[in-house]
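Student: What follows is the residue order along each chain.
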Amino acid sequence: MKKLKGKIAVITGGSSGIGLATAKRFVEEGAQVVITGRREKELKEAAASIRDSVTAVAGDVSRMDDLDRLYALVKEKHGHIDILFANAGAGTVAPLAAATEAHFDQTFDVNVKGLFFSVQKALPLLKDGGSIILTSSVSNVLGLPAFSAYAASKAAVRSFARAWTLELKDRNIRVNSVSPGPIDTPALATTTGLTPEQAEQAAHQKPRHTALRTCSTDSCSNCAL
Amino acid sequence: MNEDTQIHATPFPALRKKHAMNRLNGRTAVITGGATGIGLAAAKRFVEEGAFVFIFGRRQEALDAAVGDLGPHARAVQGSVSDEADLDRLYRAVKAERGTLDIVFANAGTGSPLPLGQITAGHIDETFGTNVKGTIFTVQKALPLMGNGGSIILTGSSAGTTGAAGFTAYSASKAAVRNLARTWAEDLKGTGIRVNVLSPGATATELAKEALGEEGQKAYGAMTPLQRMADPAEIGAVAAFLASSDSSFMTASEVAVDGGLAQL
Chain A
1 MKKLKGKIAV
11 ITGGSSGIGL
21 ATAKRFVEEG
31 AQVVITGRRE
41 KELKEAAASI
51 RDSVTAVAGD
61 VSRMDDLDRL
71 YALVKEKHGH
81 IDILFANAGA
91 GTVAPLAAAT
101 EAHFDQTFDV
111 NVKGLFFSVQ
121 KALPLLKDGG
131 SIILTSSVSN
141 VLGLPAFSAY
151 AASKAAVRSF
161 ARAWTLELKD
171 RNIRVNSVSP
181 GPIDTPALAT
191 TTGLTPEQAE
201 QAAHQKPRHT
211 ALRTCSTDSC
221 SNCAL
Chain B
1 MNEDTQIHAT
11 PFPALRKKHA
21 MNRLNGRTAV
31 ITGGATGIGL
41 AAAKRFVEEG
51 AFVFIFGRRQ
61 EALDAAVGDL
71 GPHARAVQGS
81 VSDEADLDRL
91 YRAVKAERGT
101 LDIVFANAGT
111 GSPLPLGQIT
121 AGHIDETFGT
131 NVKGTIFTVQ
141 KALPLMGNGG
151 SIILTGSSAG
161 TTGAAGFTAY
171 SASKAAVRNL
181 ARTWAEDLKG
191 TGIRVNVLSP
201 GATATELAKE
211 ALGEEGQKAY
221 GAMTPLQRMA
231 DPAEIGAVAA
241 FLASSDSSFM
251 TASEVAVDGG
261 LAQL
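Protein chains in written order, with the working numbering: chain A, 1 to 225; chain B, 1 to 264.
Since the hints were made in silico from the structure, they are not lab data.
Each hint should be verified, as a subset may be incorrect.
[Claimed, not checked] Capping the alpha-carbon separation at 27 Å, the derived lysine-lysine pairs in DSS-like fashion look like this:
id, chain 1, residue 1, chain 2, residue 2
1, B, K209, A, K127
2, A, K41, A, K169
3, B, K218, A, K169
4, A, K44, A, K75
5, A, K113, A, K169
6, A, K169, B, K209
7, A, K77, A, K2
8, A, K169, A, K127
[Unchecked claim] Not the full set, but computed from the structure, chain B residues with beta-carbon under 7 Å of chain A:
id, residue
9, P225
10, G260
11, L264
[Unchecked claim] Quick partial rundown of chain A residues pointing at chain B, CB under 7 Å, derived from the structure:
id, residue
12, S159
13, L166
14, K169
15, R171
Cβ atoms here follow ideal geometry from the backbone N, Cα and C, with glycine treated the same way.
Chain B extracted, bound-state conformation (with noise of 0.2 Å):
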């Protein structure tokens, strides 16, 4: 509520003490895209609220300061979702020490700009084997591990409703992820797992930040109605909750924390 907007402006410390609840005590998580910007959001916030998280990233440097970062309660290992064999090691880590799962959030993603005229078959696989494949295996192969009541969260992003200039693979293979939620959620009817999508917009990661620049940065706020990027620890939030039992009545669902980017 409007508590919301003073955190905001809290540095990220404080923020953690703010927030010490326990929703997921006990609960083991797997966040792939785990090393950096929401997924490591997500990560910090899932370990304040009592959970035991795996991280799993490409880049082993950035995987070490994270779990540095993180604490006791957190593993990392590398790999990446576009490798069936990283996958497989990745749930033999999980169940040799924790058994079983309670928790994905499928986040790696990766996306790039290249305009219609220029799009070549390999950029398409690249943006499709990440952001579709990799989402579809990660929680397929998460799935013996994961008992009653579970929580699945893909990331989607504004740009798979609204469409993004140049960016024809990364927005069709986002909307391929919000409709993954769809079936899953029949598919998983009797399992008690819910399967729900998060879908951020304008969101200020280091890698955004670089990306974007000051200017760029300013632009991209500018256009979503709260007029400001998104602190990756307000993503984290949301992921926090479709996580815990506070969404128990939500599967198959859609998640806009975008400032109202794609919602107007």
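Just chain A, with the same shape it has in the complex (with noise of 0.2 Å):
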């Protein structure tokens, strides 16, 4: 099942998490893949648990130097990108009467601002037919106390997804977003500021009413797919 057999594609925020298991499927079905994260170490080892057909290049999406110097590697390495998986994002828990600017800036810079120059970058490399995927979030639509910088960043791109496709739809490029809901990655426990206690029951939790259980990386790369 080589659905992406000869595809060029550049997955951001890719050294962990849905990133990672997106960047492996995305292998399998036969492309090649450029991950790009700002964790020199944690990218090398995810590159190496990928083994072939994978590139890494350290950078934060949200420093317009390391944008372009990633989308200069890829056009130097491939010419070309078929698909794009904006997916780099970040969270911090920050209830109303306590959250920083500093914590907002950092949030919106992440998920939004980088998010945005991401794709409006890869915009001369990617073909005509392409395909972008914007990684939102559940909270898009549901109120996430002591996240709602991250809740309300991620309304944002959800938003993109909409003017995009208006935008790209006479190069026939098409624009998603997948909203995953609670995923068991490291991020949940390392980057969010969430103690070990709380990062388990937000793991185990049952969001609003239904979820089955906490997702694996895996299924959720499958929609990516």
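Assembling the complex is the task here: the two chains are given apart, and the hints tell you how they should meet.
Tutor: Written as structure tokens, this is what we have:
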């Protein structure tokens, strides 16, 4: 089942979690992937775990220079992009009353500005007929106490998919957003600022009513596919 | 991905070969409204992916043709989803030949325009009898045959979100269908059975092509961001995804396969 044979895919936030699981699945399906992430060590380990057909480029999507460097490398190595998975994102816990300006800026810099320019700067390389996938979150429609900046940033991402679908329709480039629920990724424990107990609780919560269980990252990457 | 865009231009047999996946190996599926259109396209895809499929529909002639097309891993049962006795007969046939059931694609539906001001009770009853009541009993009567890990797929419509001029009953019935999945995901908690809604938009089924004519198809297609109508096979592909474990973390969801029609 090689649905992506010969395709070139760029995945931001590719060193762990959903991004890494997606990179693995894309490679299984025949794609060449370029993964990017801020943490060099984790990124290298991720690339090693994928083994073939993968290039790792360290960088931060909220830094324009890093994005320029990423796409310059993609251009040099592959010449074009068929699939962009703009997946890098971050969220830290901060109740409204206690949130700082830095918390707000950091969340929107990565999730909104970083994603916006990840897509804009990819456009010259994206083939007509290509596919752009944005990682939103169930929180784009659900309230999430103490994660209001994160939830709002993910609503912005969902909105990008609507506008860009229209802007890119003449190039036959499809834009979709995937909205995962609670996914058991390393980031849940390491970057959210949750205590281990809270992370454990989040991983096993029943969001609103229904989730059967916390998702393995694999079932999420199936959808990106 | 953009392989999809190449697929549209490919004639059906080529497309069939291209997707020789086995995600549904050994599974048993029921597809209502399975003799034509989206139901038949899904049946083809399910069989290609290894499933054994029971198609259910009202017209014997169309069912015969479809089963001829689908080959040895398909059976047809004639009946209407709005008739409980017919549904009982369907599931008796499934039980007799296969014992259990893994996938239900509750896809049978009907819709005709009747402008506000001219709506009759009969029109409402007919539309809701098939689309809502028929869907409810299609699923309820299937449950005793379903084991753990099954998948239920309901056919919604972009009109369930947007409304459609002159289609009061149809649009409202599809909004109801979308809502069924929310309650059932709760009701089925702990069973491992997932339930999701697949909502097509402008789809070029034989029926739609006939009803719309050349001009109508162009106009309808032009309303979507992808600027064309869907090939029924494109809906069938997503039905197969929802039927398979590739969608294992999805329940109560609505998946729009509408070229963007209802998403902006």
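Student: Against each hint, give a clear statement of whether it holds in the structure.
Tutor: Hint by hint, here is what the structure shows:
{"no.": "1", "hint": "K209(B) - K127(A)", "verdict": "violated, 31 Å"}
{"no.": "2", "hint": "K41(A) - K169(A)", "verdict": "violated, 38 Å"}
{"no.": "3", "hint": "K218(B) - K169(A)", "verdict": "holds, 17 Å"}
{"no.": "4", "hint": "K44(A) - K75(A)", "verdict": "holds, 21 Å"}
{"no.": "5", "hint": "K113(A) - K169(A)", "verdict": "holds, 22 Å"}
{"no.": "6", "hint": "K169(A) - K209(B)", "verdict": "holds, 24 Å"}
{"no.": "7", "hint": "K77(A) - K2(A)", "verdict": "holds, 22 Å"}
{"no.": "8", "hint": "K169(A) - K127(A)", "verdict": "holds, 13 Å"}
{"no.": "9", "hint": "P225", "verdict": "holds, 5 Å"}
{"no.": "10", "hint": "G260", "verdict": "holds, 5 Å"}
{"no.": "11", "hint": "L264", "verdict": "holds, 5 Å"}
{"no.": "12", "hint": "S159", "verdict": "violated, 10 Å"}
{"no.": "13", "hint": "L166", "verdict": "holds, 6 Å"}
{"no.": "14", "hint": "K169", "verdict": "holds, 5 Å"}
{"no.": "15", "hint": "R171", "verdict": "violated, 11 Å"}
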